[in-house]
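Chains as they are written, first to last, in the working numbering: chain Z, 1 to 219; chain E, 1 to 269.
Keep in mind that the hints were calculated from the coordinates and are not lab data.
Hints may contain errors.
To be verified - Derived DEER-like restraints, expressed as beta-carbon distance ranges:
hint : chain 1 : residue 1 : chain 2 : residue 2 : range
1    : E       : HIS221    : Z       : PRO66     : 54 to 62 Å
2    : Z       : LEU49     : E       : LEU263    : 45 to 53 Å
3    : E       : GLY238    : Z       : SER204    : 51 to 59 Å
4    : Z       : VAL31     : E       : ARG149    : 20 to 28 Å
Bear in mind that the values here come from a model prediction, so they are computed numbers and not experimental data.
Using N, Cα and C, we set each Cβ at its ideal position, and we do this for glycine too.
Below, each chain spelled out in residue letters.
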Amino acid sequence: MSDLWSFTVGTLPFLWSGLLMTLFVSAVVVVISAFVGAFFGVGLAYGPLWLRVPLRIYSDILRGIPLLVVIFSIYYLLPFAGLNLQPLPAVLLALTMFKTAHVSEIARGAIQSIAKGQIDAGMAIGLTFHQRLVYVVMPQALRRFLPPWINSVTDAVKGSSLVSLVGIVDLMLASQQVIGRTYQPLPIYMLAAGMYFIINFSLSTLSRRLEARYAYVRE
Amino acid sequence: MRMFGNEGAPLSMTDAIVCISDLKKSFGSTLVLDGIDINVGRGEAVVLIGASGSGKTTLLRCINALEVYDSGSIRVDGVEVGFGDSESRPRRRRSENELSGIRADIGMVFQLFNLFPHLSACENVMLGLTKVRRMPKAQARDKAEYWLRRVGLADRMNNLPGQLSGGQQQRVGIARAVAMDPKVLLLDEITSSLDPELVGEVLAVVRQLAAEGMTMIIVTHEMIFARDVGTKLVFMDGGKKIEEGAPNDLLRNPRHDRLKAFLARLEMH
C-alpha cells in the first residue's frame with residue numbers, strides 16, 4: 001500500500017502542468033463566456049428583432065451540437081476557410097463559443113424571471129431603460145443567475161478535458177501520458193478524478209454560500 | 001387644503017391638470033377604452049369605479065404611459081403623454097427617454113406594491129430621487145425618511161420589503177410615489193391585495209394626502225372610501241364612461257341602469 005502511495009505521489013509533478021492547463025482553459029472560458037453571455041442574455045430578453053434572431057440562432061445551434069463536434073469544427077474545418085488556428089486558441093474559441101451559448105440562456109432566463117411589476121414600478125418613477133436594467137433588473141436577476149451559472153462552470157471544467165483530443169496537455173492528457181509510461185491506469189485515473197472533483201466541489205460549495213447570502217431577499 | 005368642493009364645480013380646460021379626451025385603446029381586437037373623456041382639476045381626487053374588465057386599470061396605465069393609447073389625447077399639465085409633436089411628424093410616438101421624463105412627474109401606486117425586493121424601504125424611495133431627480137444622496141435620504149415618517153414607517157426604514165407586512169409595503173409604495181412630487185398620483189386598487197385589517201392604515205395615508213390637496217386618480221372597490229375621499233366619481237363599463245358626478249349624488253341616485261346594477265351587486269356582498 002505504501003508503495004502505491006509513493007508511486008502515486010511521484011506522478012504528481014507530471015500531472016501538475018496538466019492541472020494548470022485545465023485551470024487555465026477553464027478560467028479563460030468561464031470569464032469570457034460570462035461577460036459575453038450576459039450581454040447576449042440581455043439581447044435575447046430585450047433586444048430588437050434584428051439582434052434577437054441571430055442570437056437565438058447562434059444559441060440554438062451551439063447548444064444543439066456536442067462540444068466535441070464544436071471543437072473539431074473549429075480546429076479542422078476553419079483551415080478550409082483560410083483560418084489556421086493553433087490548437088490552444090482553437091479550443092479556447094470553441095469552448096468559449098459553446099459556453100457563451102449556455103450562459104446567454106441562463107442570463108436570459110434570469111432576466112425574464114423578474115416580475116413585470118418590477119419593470120412597471122421602475123418606469124413609474126421615471127427610470128430610463130438603462131437605469132431599470134442596472135438598478136432594478138440586474139441586482140435581482142443576478143441571484144437567479146448564479147446557481148445555474150456555477151453549475152455550468154463545473155460543466156466547463158469537465159468539458160475542458162476534451163482539449164486533450166487536439167493534443168493539448170491538460171490534466172486528462174497528462175494522466176494518460178503518465179499511464180502510458182507506468183501502466184498503472186487505476187490510481188492515476190482516480191487521482192485525476194479526485195482533482196476534478198476537488199475543483200468542482202469547491203465551486204458548488206461556493207455556489208451554496210452565495211445562495212445563502214442572497215436568501216434574505218424574500219419576495 | 002381642497003381647492004374644489006365635493007359638489008364638483010365644472011372645470012374649464014385650463015383648471016384641469018389632467019385632460020383626457022376621446023381616449024381609445026385596444027389590445028388586439030378587443031377595444032378596452034372606447035372614447036373616454038375625463039378632466040381632473042388640481043387638488044381633485046377622481047375615483048374610477050366599475051366592474052373588473054371595465055378598463056379602469058388600463059386607463060390609469062395609459063395616463064402614466066405604461067400603455068400606449070391608440071387615439072385621443074391625455075394631457076397632464078398641458079403635455080400630451082404618449083405622443084409628441086414635431087414639424088415633420090405630428091403625433092409621433094414618444095421615445096423611451098421622453099416617456100421616462102413624463103412618467104417621473106406622474107406617481108403610481110400598484111395593487112401588488114411592486115417594491116424593489118433587494119432594496120430597503122428607504123432605498124426604494126431614494127432610487128427615483130437620486131437617479132431620476134439627480135438629488136445628492138444625503139438630501140434624497142432626508143426626503144425619503146421624511147415621507148416614510150409621514151406614512152408611519154419611522155421604525156421600518158432599513159427593512160427590506162420581505163420583512164414588512166402588506167400594509168407597510170403599500171405605504172412604502174405610496175411614499176416612493178409621492179416623494180417624487182408628482183403632478184398627479186395614480187392609485188391602482190391599492191388595497192385589493194391586503195388583508196382586511198391592513199386596509200385602514202393604507203387608506204388613512206391616502207385620506208391625509210387628499211386633505212392636503214394632492215391630485216389623485218383612484219381605482220378602488222372600497223365604496224365608503226370612494227365616497228369620503230372622492231371629489232368626483234366616474235363609473236366605467238365596457239371601456240366607456242357611463243356616468244360621472246359628485247360621489248354622494250352618484251351613489252345615492254344612480255341614473256344609468258348599469259350603474260344601478262353594479263351598485264346592487266356590491267350591496268349583496
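A quick look at each hint next to the structure:
1. E/HIS221 x Z/PRO66: 54 to 62 Å: 57 Å, holds
2. Z/LEU49 x E/LEU263: 45 to 53 Å: 48 Å, holds
3. E/GLY238 x Z/SER204: 51 to 59 Å: 56 Å, holds
4. Z/VAL31 x E/ARG149: 20 to 28 Å: At 46 Å between Cβs, range violated.
Of the hints listed earlier, the one the structure fails to meet is number 4.
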